[in-house]
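There are 2 protein chains.
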Amino acid sequence: MQRHFEENLNALKEKIIRMGSLAEEMIQKSVRALMERNPSITQDVFDMEREVNLLHVEVDDRCVKLLALTQPMAVDLRLIAAAMKINTDLERIADQAVNVCQTCYYHLLKETPVPQANIIPRMAEISQSMLKNSLDAFSKKDIELAKKVLLQDEEEDRLKAETLSELIELIKREPDHSKQFVDLILIAKNMERISDHATNIAEDVIFMVLGVDIRHHIEEKRP
Amino acid sequence: MQRHFEENLNALKEKIIRMGSLAEEMIQKSVRALMERNPSITQDVFDMEREVNLLHVEVDDRCVKLLALTQPMAVDLRLIAAAMKINTDLERIADQAVNVCQTCYYHLLKETPVPQANIIPRMAEISQSMLKNSLDAFSKKDIELAKKVLLQDEEEDRLKAETLSELIELIKREPDHSKQFVDLILIAKNMERISDHATNIAEDVIFMVLGVDIRHHIEEKRP
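Protein sequence lines, in the order shown, are assigned to chains A and B. Using the numbering used here, read the first sequence as starting at 460 and increasing by one per residue. Using the numbering used here, read the second sequence as starting at 460 and increasing by one per residue.
Hints were generated in silico from the structure; no laboratory data involved. There's no promise every hint is true.
The list cannot tell twin chains apart, which means a pair is met if one copy fits it or any two copies do.
[Claimed, not checked] The calculated DSS-like cross-link candidates involving lysine-lysine, where the alpha carbons are at most 30 Å apart (straight line), are: (1) K524 - K607; (2) K607 - K619; (3) K472 - K599; (4) K488 - K607; (5) K606 - K631; (6) K472 - K524.
Model the full structure from these sequences, guided by the hints.
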């Protein structure tokens, strides 16, 4: 029984890791589609989303069955609870990569290229690294790495603010390209959202390992 | 034991409903802050976020304890699994209202008013109605109402596309107000995200009641 349970738990972890690496590749490809102005890469991302969606349903199903059939305690229970949440975040990360590709496919790749698109890869690099670190933290139960992700999120927020100001200045200077610049703003928002999801994953890892909920303990500064 | 369990489950549901009504009020107030150009309303929203955050941690804690101590089966297990997810969505909805208020407080209310802000309440009205319907569906286990939310999301998506095109046209016509129009675009995105979370809640309600995962069954159209 115990061995069977361990096997099930490992299979669950593997599914999560698989989803994570798909999501990572989808982010990478979505930025390549934008930079190389290559619509066929967007198609790859749309295809990959199907596998992520299947895994999304499968992971939730496995979690509910594991809870029902094995009635796990303490750390195992926290692992399953964390897996359910991480599953949601990974699916939404994949969605964001799909959104980037939709913006490229339906809009940006049909319009005059704006050279300033190179603002995006800087943000994408951090998002992708945050996702990678949060998943490594999950698979190695590495608290320090999870905490690193929380710091990276602050960097991403700063970069997003910079990106937005830059793009607004560009709009003022070249209003004829407003549509393209607004599309880049939406893509910057997609990257920010990916980082937010990676942060959620890191917080879930900390809860899973320590049994301590660190969310909202450091309140963001409000006026 | 059974009675105690029922009481715990009811207390959990009440916490969710309380979070939901706070989130609903926060959306409403965030739009009022924008339209009435009233920074003191933004402060109310920042204060309300504290209660949402406390509830967020408490609901998760209750769910994990209920799973550990009572080892629920079938429909009760699905209710607790759904509660964990709905909890996450409600906290993120509240975050979106906070984001709207931050955009107002730090930017929009400090700049020349742009009359076109009235594009936003149309979207906010649908988001708020979707949230209300998804929570009513949760508390009454009402599948039909949950399905209605999925249809409302399509309406919101159409409205968002319209709003974005309108704002891009405005930017082209009045590039000096680009900053304000981009802020309105970000607020429109906040509203869209609230609707997405309400849609997730509706899908969780359907899973909770029927035990059937309807997500991804109707694949969105991709090129």
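Hint by hint, here is what the structure shows:
For a Cα distance limit of 30 Å, the shortest separation of K524 from K607 across copies, 29 Å, qualifies, whereas the shortest one inside one copy, 33 Å, does not. In this assembly of identical chains, the alpha carbons of K607 and K619 lie at most 30 Å apart only when taken from the same copy (19 Å versus 35 Å across copies). In this assembly of identical chains, the alpha carbons of K472 and K599 lie at most 30 Å apart only when taken from the same copy (11 Å versus 35 Å across copies). In the homo-oligomer, the alpha carbons of K488 and K607 lie at most 30 Å apart inside one protomer (25 Å), although the nearest pairing across protomers, at 35 Å, exceeds that limit.
Taking CA atoms no more than 30 Å apart as the test, K606 paired with K631 passes in neither setting, with 39 Å inside one copy and 43 Å between copies. Taking CA atoms no more than 30 Å apart as the test, K472 paired with K524 passes in both settings, with 15 Å inside one copy and 22 Å between copies.
Checked against the numbered hints above, the structure breaks only hint 5 and satisfies the rest.
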